[in-house]
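Whenever a hint applies, use it, and build me the whole structure from the sequences.
For reference, the chains in residue letters:
Number of protein chains: 2
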Amino acid sequence: MEIEFLGTGAGQPSKQRNVTSIALRLLDERNEVWLFDVGEATQHQLLKSNTRARKITKIFISHMHGDHIFGLPGFLTSRNFQGSEAIDQGRPSDLTIYGPAGLRQYVFSALKAAQVRLQYRVDFVEVHPGVVFQDKQFSVTAFAMNHGIEDYAYRIVEADAVGELQVAKLLNLGLKSGPLFGQIKAGQDISLPDGRVLKSADFIGPDRPGRIVTIVMDTKSNPAIIEAAKNADLLVHESTYDGQNTAMAKKHGHSTCVQAAENAKKAQAKHLILTHISARYLGRAADNLLDEARAVFKNTDLAHDLAVFPIPAKVPVTEKLVKAHA
Amino acid sequence: MEIEFLGTGAGQPSKQRNVTSIALRLLDERNEVWLFDVGEATQHQLLKSNTRARKITKIFISHMHGDHIFGLPGFLTSRNFQGSEAIDQGRPSDLTIYGPAGLRQYVFSALKAAQVRLQYRVDFVEVHPGVVFQDKQFSVTAFAMNHGIEDYAYRIVEADAVGELQVAKLLNLGLKSGPLFGQIKAGQDISLPDGRVLKSADFIGPDRPGRIVTIVMDTKSNPAIIEAAKNADLLVHESTYDGQNTAMAKKHGHSTCVQAAENAKKAQAKHLILTHISARYLGRAADNLLDEARAVFKNTDLAHDLAVFPIPAKVPVTEKLVKAHA
Ligand SMILES: [Zn+2]
Ligand SMILES: [Zn+2]
Chain A
0 MEIEFLGTGA GQPSKQRNVT SIALRLLDER NEVWLFDVGE ATQHQLLKSN TRARKITKIF
60 ISHMHGDHIF GLPGFLTSRN FQGSEAIDQG RPSDLTIYGP AGLRQYVFSA LKAAQVRLQY
120 RVDFVEVHPG VVFQDKQFSV TAFAMNHGIE DYAYRIVEAD AVGELQVAKL LNLGLKSGPL
180 FGQIKAGQDI SLPDGRVLKS ADFIGPDRPG RIVTIVMDTK SNPAIIEAAK NADLLVHEST
240 YDGQNTAMAK KHGHSTCVQA AENAKKAQAK HLILTHISAR YLGRAADNLL DEARAVFKNT
300 DLAHDLAVFP IPAKVPVTEK LVKAHA
Chain B
0 MEIEFLGTGA GQPSKQRNVT SIALRLLDER NEVWLFDVGE ATQHQLLKSN TRARKITKIF
60 ISHMHGDHIF GLPGFLTSRN FQGSEAIDQG RPSDLTIYGP AGLRQYVFSA LKAAQVRLQY
120 RVDFVEVHPG VVFQDKQFSV TAFAMNHGIE DYAYRIVEAD AVGELQVAKL LNLGLKSGPL
180 FGQIKAGQDI SLPDGRVLKS ADFIGPDRPG RIVTIVMDTK SNPAIIEAAK NADLLVHEST
240 YDGQNTAMAK KHGHSTCVQA AENAKKAQAK HLILTHISAR YLGRAADNLL DEARAVFKNT
300 DLAHDLAVFP IPAKVPVTEK LVKAHA
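Protein chains in written order, with numbering that gives the first Met the number 0: chain A, 0 to 325; chain B, 0 to 325.
Each hint should be verified, as a subset may be incorrect.
Any copy will do: because identical chains look the same in the list, a pair fits if it lies in one copy or spans two.
[Stated by the list, open to error] No more than 30 Å apart at the CA atoms, straight line, and that leaves these computed lysine-lysine pairs for DSS-like:
1) LYS269 to LYS313
2) LYS168 to LYS250
3) LYS111 to LYS249
4) LYS111 to LYS219
5) LYS14 to LYS47
6) LYS135 to LYS47
7) LYS250 to LYS264
8) LYS250 to LYS111
9) LYS219 to LYS297
10) LYS269 to LYS249
11) LYS111 to LYS184
12) LYS111 to LYS135
13) LYS269 to LYS168
14) LYS229 to LYS313
15) LYS47 to LYS265
16) LYS14 to LYS297
17) LYS229 to LYS198
18) LYS265 to LYS249
19) LYS229 to LYS219
20) LYS168 to LYS111
These aren't lab readings, by the way, just hints derived from the structure by calculation. All of these numbers come straight from a predicted model, not from anything done at the bench.
Here it is as structure tokens:
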């Protein structure tokens, strides 16, 4: 699991930062990529990245401002050709787009104007606060934000991975690999012919807790962020302004770097990445946002276009305890 | 007068070539820039150019395919801020957009979805074959093309400049600068008190002929191109395919580099620039298109993103004759 920042600027593109798009790369987990927001020229940024458009299966839109959606029609159109002409062949996967009411109409009216016929299926899911997607592996929950327009933060929760069968331990008891092992793994307790009872739980390793990623785009700082980011392994938080501009941020429905850090701290998040940086902060001025945030929440990073951050798998619960006591 | 290629690729952006947009820079002539087509990320290309978005007063759209229009909503939105925040202050100028029926609805539905309120006025003119714009200085005429969708080539004609008053000649006759000079310049013949008659025509230099620029975007090669490009000082012609791919070009409603050159030759154009190059022609492969075209029409160039070509003022008619006889 990795997160890639395709665009990290606010409002308009600048030479340093394109408008917003974030790729959550779930290649090991499900050989898929999920996109969060699709500002203009997201398809151009993908040309510079090794994320393949045809692997993108879900797109989540925070809100309908142009710097978050104007790349969608072009992305969808070009993706038509990115199965057959890409280095590795194959049709692009079908796609589900999650976003506020009106998104479907916006997209289809642009595609209709340009007479585009997509070669893959696109489904739209109208987002309301609550769970918007769930399968055995992941859930995505939307939280209403505060930006003067319908607007959502997304909390992505990976399911806990069930512990692995401790094969060595069973072999040490003189047992041989076979259907028995499968039964134990499936949670059955087993009585052996010699009278021994094998409790399944004794031979299954600890669960590996799933990861939590929260993506908070354009919004005035508000308490729902803390709920959305509770215990997150990674909180991506808009940071349009520096710590001196709290009033300006509030007026324009945005957050400061310091508010982002305070939210990360209150939510007990483990890692914070600042993005959606105003073009007024060039070079060292943007690093200043990072310094201000780190003074409040140490484990903070600043996103740059095309930066990739790993979201490492967690250590299984008991190993963690053992380590803590070692 | 200069022409700048903001995007020179066909269909989809590539690392070398963005999708189509062309800026006709009329800075000396009227302190304006006219844009032809606005593919996605045209505003990004403008960031790398010294053409100012706020100087763009007219946009002409050839046809409604995505690679020619998907940059419009973002361009219009960002332009809102490019008067007040640019280095030289001032509101962006009002804008007129010329294009096929449906363009207006496409643009406004995108702006409405994103809740954009433009701070300048935008008028739409629905294009049909014939003159679409005319003032004392320039006319623009649309020619229907052949691309499986409503599609236009544009012929831009500069009015001839009236010759200058030959002041030195009048002074040599012992006359003094004054209202008399203005009357002669205005075309009046003058009888002097001493009986001499000054014929206005004898004291006005030769007219400087206006320039003609023709822009032919996506189309199957067809006879209307020759009419549109008749005697053009510059013909910009789409050249999606090489000379071997005539059948493919025809099938997809496009032209080859050789057809572009043949059209330039038949139209007696003075200069040809090839653009809208398929991404299959990288590096030297694109130069091959140029070589093939030059074999038919010598004064051909190949456009690259951000390339600027001057369109020099013509020599006044009689000076030209003098030079020719010298
Ligand atoms: Zn934004
Ligand atoms: Zn095209």
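Evaluated hints:
When the C-alpha separation of LYS269 and LYS313 is checked against a cutoff of 30 Å, the pair qualifies only within one copy, where the shortest distance is 12 Å, while the shortest distance between copies is 68 Å. Taking the shortest alpha-carbon separations for LYS168 and LYS250, neither the intra-copy value of 62 Å nor the inter-copy value of 68 Å comes in at or below 30 Å. For the homomeric pair LYS111 and LYS249, the shortest alpha-carbon distance between copies (24 Å) is at most 30 Å, but the shortest distance inside one copy (38 Å) is not. Proximity of LYS111 to LYS219 under the C-alpha cut-off of 30 Å is restricted to the inter-copy arrangement: shortest distance 23 Å between copies versus 35 Å within a copy.
In this assembly of identical chains, the alpha carbons of LYS14 and LYS47 lie at most 30 Å apart whether taken from the same copy (15 Å) or from different copies (8 Å). In the homo-oligomer, the alpha carbons of LYS135 and LYS47 never lie at most 30 Å apart, since the shortest distance is 33 Å inside one protomer and 47 Å across protomers. Taking the shortest alpha-carbon separations for LYS250 and LYS264, only the intra-copy value of 24 Å comes in at or below 30 Å, while the best inter-copy value is 61 Å. Only between protomers do LYS250 and LYS111 lie at most 30 Å apart by alpha-carbon distance; the minimum there is 22 Å, versus 37 Å within a single protomer.
With identical chains, the CA atoms of LYS219 and LYS297 are at most 30 Å apart within one copy only, with a shortest distance of 22 Å there and 61 Å across copies. Proximity of LYS269 to LYS249 under the C-alpha cut-off of 30 Å is restricted to the intra-copy arrangement: shortest distance 26 Å within a copy versus 58 Å between copies. In this homomeric assembly, LYS111 and LYS184 never come within 30 Å of each other (Cα to Cα): the closest approach is 53 Å inside a single copy and 56 Å across copies. Within a single copy, LYS111 and LYS135 get their C-alpha atoms no closer than 36 Å, and across copies no closer than 38 Å, so neither meets the 30 Å cut-off.
Taking identical chains as interchangeable, the C-alpha atoms of LYS269 and LYS168 are never at most 30 Å apart, the minima being 34 Å within one chain and 85 Å between chains. Proximity of LYS229 to LYS313 under the C-alpha cut-off of 30 Å is restricted to the intra-copy arrangement: shortest distance 16 Å within a copy versus 70 Å between copies. In the homo-oligomer, the alpha carbons of LYS47 and LYS265 never lie at most 30 Å apart, since the shortest distance is 36 Å inside one protomer and 42 Å across protomers. In this homomeric assembly, LYS14 and LYS297 come within 30 Å of each other (Cα to Cα) only inside a single copy, at 29 Å, whereas the closest approach across copies is 38 Å.
Taking the closest pair of Cα atoms, LYS229 and LYS198 never come within 30 Å of each other, the shortest separation being 35 Å inside a single copy and 91 Å across copies. Proximity of LYS265 and LYS249 under a CA criterion of 30 Å is satisfied intra-copy only: 19 Å inside one chain copy versus 63 Å between copies. For the identical chains of this complex, LYS229 and LYS219 are intra-copy neighbours only, at 18 Å inside a copy versus 59 Å across copies, given an alpha-carbon limit of 30 Å. In this homomeric assembly, LYS168 and LYS111 never come within 30 Å of each other (Cα to Cα): the closest approach is 62 Å inside a single copy and 65 Å across copies.
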